[in-house]
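*Asks:* The chain contents come next:
There are 2 protein chains.
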Amino acid sequence: MNLADTNLADTTRAWIARVEAKLDAVLPAADQPPRGLHEAMRYAVLGGGKRIRPLLVYATGLSLGAPVTRLDAPAAAIELMHAFSLVHDDLPAMDDDDLRRGRPTTHKAFDEATAILAADAMQPLAFNVLAADADLQVADATRLALIRLLADACGSLGMTGGQSIDLSSEGQQLNAQQLEHMYKLKTGCLLEASVLAGAHVAAADAATMAKLRRYIDNLGLAFQIRDDILDIEGATEVIGKQQGADIQRDKATWPALFGIDAAKQKSRELLHTALHEIESLGPAAEPLREIADYMVSRRL
Amino acid sequence: MNLADTNLADTTRAWIARVEAKLDAVLPAADQPPRGLHEAMRYAVLGGGKRIRPLLVYATGLSLGAPVTRLDAPAAAIELMHAFSLVHDDLPAMDDDDLRRGRPTTHKAFDEATAILAADAMQPLAFNVLAADADLQVADATRLALIRLLADACGSLGMTGGQSIDLSSEGQQLNAQQLEHMYKLKTGCLLEASVLAGAHVAAADAATMAKLRRYIDNLGLAFQIRDDILDIEGATEVIGKQQGADIQRDKATWPALFGIDAAKQKSRELLHTALHEIESLGPAAEPLREIADYMVSRRL
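Those protein sequences? They're chains A and B, same order as listed. Counting from -1, one number per residue, gives the positions in the first sequence under my numbering. Counting from -1, one number per residue, gives the positions in the second sequence under my numbering.
Some hints here could point you the wrong way.
To give an idea of the chain A side of the interface with chain B (calculated C-beta under 10 Å), a few residues [stated by the list, open to error]:
#	residue
1	Gly63
2	Thr67
3	Pro90
4	Met92
5	Ala116
6	Ala117
7	Asp118
8	Met120
9	Ala129
10	Ala132
11	Gly153
12	Leu273
In silico negatives: residues of chain B with every beta carbon more than 12 Å from chain A [to be verified]:
#	residue
13	Arg33
14	Ala113
15	Asn173
16	Lys262
In case anyone wonders, no lab produced these hints; they're calculated from the structure. Yeah, the Cβ is synthetic: ideal placement off N, Cα and C, and Gly gets one too.
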């Protein structure tokens, strides 16, 4: 599959449709008890979103020759972990956000206890998908590698640790290195896991894995800086959350530290480096290039 | 290993020491950043507790001939999931408890955001232990079976679903069947997973698994009823949480429904049935018998 054969928007739409079909299939039905809990899980997971992490799984796996049917399960598992983190990050005790993707956050649409539990239940579901999904036709050792990858990316030395640092850094002046470290944990680890999951399913060799790791490390930071820029420049109706929410909370961000022009420049440089890292993967890796452009040029 | 060879208290102490050593080893050090998060994780996991689930892993595994060194990882993984659920259940939005095991609950000792995140990080850690622990010398297929077992026990159709039903049933009159269903999900599923994890490590056959499932289904309900009786009869200093907390919240419990004498009688009958289910496992299964007595006769 080559993105050059078709329109990027069509391709991403098709991949998003695939992962959403898998998510719909693995999530318990809304009328299965306990209903409130399952409704909340489906509300949080199936209510839209950019699906960047699944797109990275598909782009990587297909660039390296994996069958697309084997990519649905890791894409869904990673998106479940992302959705879990969003629900908890939005809670009153954390970022206290009322809006997400233009809709009430899960604890607003349901209640706080239901939101906490709905997200809690997404974690075992994600690991179960990797351990048991029938379409994920890979060796047991590969399933275990995927589980370790996801667990490392989401634990206290990954995404959850990043959210902890983010909260404790409010009102503090982080330097660039501390900020990059926070970004890396909070967002970068799961983005990296998305790319490496696609690579594991494709049975990529160690050299390719290393290139992909450098690709996503650069791209991940560019993506996060883009997010911060959109938080300043975007209007609420476009990005679906309150504009300037980070600045209101006095959160450390790249534009806050260096100004918006320097942030845009940095984002472009990182994209350039990311693309350079995968040059040797040849024309087959076109999906990885197009997704990179998409992630850094997006307007929402 | 036969509990008849030694004193039950010595045996349980030795098993508790084993699982606590493994938990200490797999938890990040308190001085590893993010420090607050890791301190909270260690506070919540290493701050005592009956360790009933690890005891069930050891009792089952050793009854069926598994090497004890292979039981530490599943015992620790299951206890991490139990600890995660306690931290979230104690939150203000849930049971709003200030005391647990005679100490401030995690959100009281730290803060709410840290407690939420500390528990969130225990889930990936638990799955990682099952996927990667070097002392767990079993086939990849067995690791995956353990992961599925834990994920099923803790998801929306298990422990987390049980907590959801428990919260939504406050102030409602459940009948015995609804109450048993809630108990089964909230507590029974993870107890069953503990026994079956020991059985998986010991490579037990399907007939043995079926016996063990009936054993723990009966024992689990007896254990939960015992918990409810202690909530009424126990003093705060003994059980480490406010006495009568369930009744204050108008929670559905067995003693509330049938009276305390009927509850005690039911608990004894369930223990008897549990022991009957494993009669055919012979003298080697003595640890399972002693643990059963311990779980139902305990005073805290």
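*Asks:* Are the hints correct? Go through all of them and say.
*Replies:* Quick rundown of the hints versus the structure:
no. : hint   : in the structure
1   : Gly63  : violated (24 Å)
2   : Thr67  : violated (20 Å)
3   : Pro90  : holds (8 Å)
4   : Met92  : holds (5 Å)
5   : Ala116 : holds (8 Å)
6   : Ala117 : holds (8 Å)
7   : Asp118 : holds (5 Å)
8   : Met120 : holds (9 Å)
9   : Ala129 : holds (4 Å)
10  : Ala132 : violated (13 Å)
11  : Gly153 : holds (4 Å)
12  : Leu273 : violated (31 Å)
13  : Arg33  : violated (9 Å)
14  : Ala113 : violated (8 Å)
15  : Asn173 : holds (15 Å)
16  : Lys262 : holds (30 Å)
Violated hints, in rising order: 1, 2, 10, 12, 13 and 14; the structure is consistent with all others.
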